[in-house]
Amino acid sequence: GQNIDQPTEMTATEGAIVQINCTYQTSGFNGLFWYQQHAGEAPTFLSYNVLDGLEEKGRFSSFLSRSKGYSYLLLKELQMKDSASYLCAVTHSGGYQKVTFGTGTKLQVIP
Amino acid sequence: DTEVTQTPKHLVMGMTNKKSLKCEQHMGHRAMYWYKQKAKKPPELMFVYSYEKLSINESVPSRFSPECPNSSLLNLHLHALQPEDSALYLCASSLQDGSYEQYFGPGTRLTVT
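Chains as they are written, first to last, in our numbering: chain Y, 1 to 111; chain P, 112 to 224.
Just so you know, the hints here were simulated from the structure itself, not pulled from any lab data.
Errors might be hidden in some of the hints.
[What the hints assert, rightly or not] Here are the simulated distance ranges between beta carbons:
{"#": "1", "chain 1": "P", "residue 1": "114", "chain 2": "Y", "residue 2": "70", "range": "28 to 36 Å"}
{"#": "2", "chain 1": "P", "residue 1": "166", "chain 2": "Y", "residue 2": "3", "range": "17 to 25 Å"}
{"#": "3", "chain 1": "Y", "residue 1": "3", "chain 2": "P", "residue 2": "129", "range": "46 to 54 Å"}
{"#": "4", "chain 1": "P", "residue 1": "166", "chain 2": "Y", "residue 2": "38", "range": "25 to 33 Å"}
{"#": "5", "chain 1": "P", "residue 1": "129", "chain 2": "Y", "residue 2": "25", "range": "35 to 43 Å"}
{"#": "6", "chain 1": "Y", "residue 1": "59", "chain 2": "P", "residue 2": "126", "range": "45 to 53 Å"}
{"#": "7", "chain 1": "P", "residue 1": "224", "chain 2": "Y", "residue 2": "67", "range": "45 to 53 Å"}
Glycine is no exception: its CB is placed at the ideal position from the N, C-alpha and C atoms.
Please put together the full structure from these sequences, using the hints given.
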């Protein structure tokens, strides 16, 4: 089966930097997504990593280590609107079709 | 147009009812997905359609029946549901397969009484 773990909740201060980790054990790993989901809304795409390394996109960066089964999402210059759940999701089983979401991390940004 | 639409937004149905959820996208995406999301849980994949053919069924009970009439539309037919099926049902689409970002619709909040 697939096992994707994230911390359940995190709290960080406005203007700070926060790192949200995701560890996974999957068969036929292809790539890893990060999505943001505000309460009561649909998930929205943040990033996709296939190769090892860091991908930077504005205030958000995502890192992947395939050998360690590990990824993180780095959020800089936190804003109150960043309060949301952050979901890592893995595509796997060789065919690029299956997507399994991690447990999600609820981030609260405080003043 | 980068929007996925879903109707209805809310649905309350009894255990003997038959209803359908609808999803539409006009982005030319060839993969479409149904997810079920319970409160404070991540989305769980139910079905994947690729080029209008069902390619993945994640062992979903037969009381859920998906249909893809054309490349823009995706339906989920519901029959004889159980109260535990109450959840947010999300539709998503991607350009071709799971290696592309998925665009999610706003979801249908389903309550089974």
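For a quick check of understanding: which of the numbered hints are violated here, in increasing order?
3
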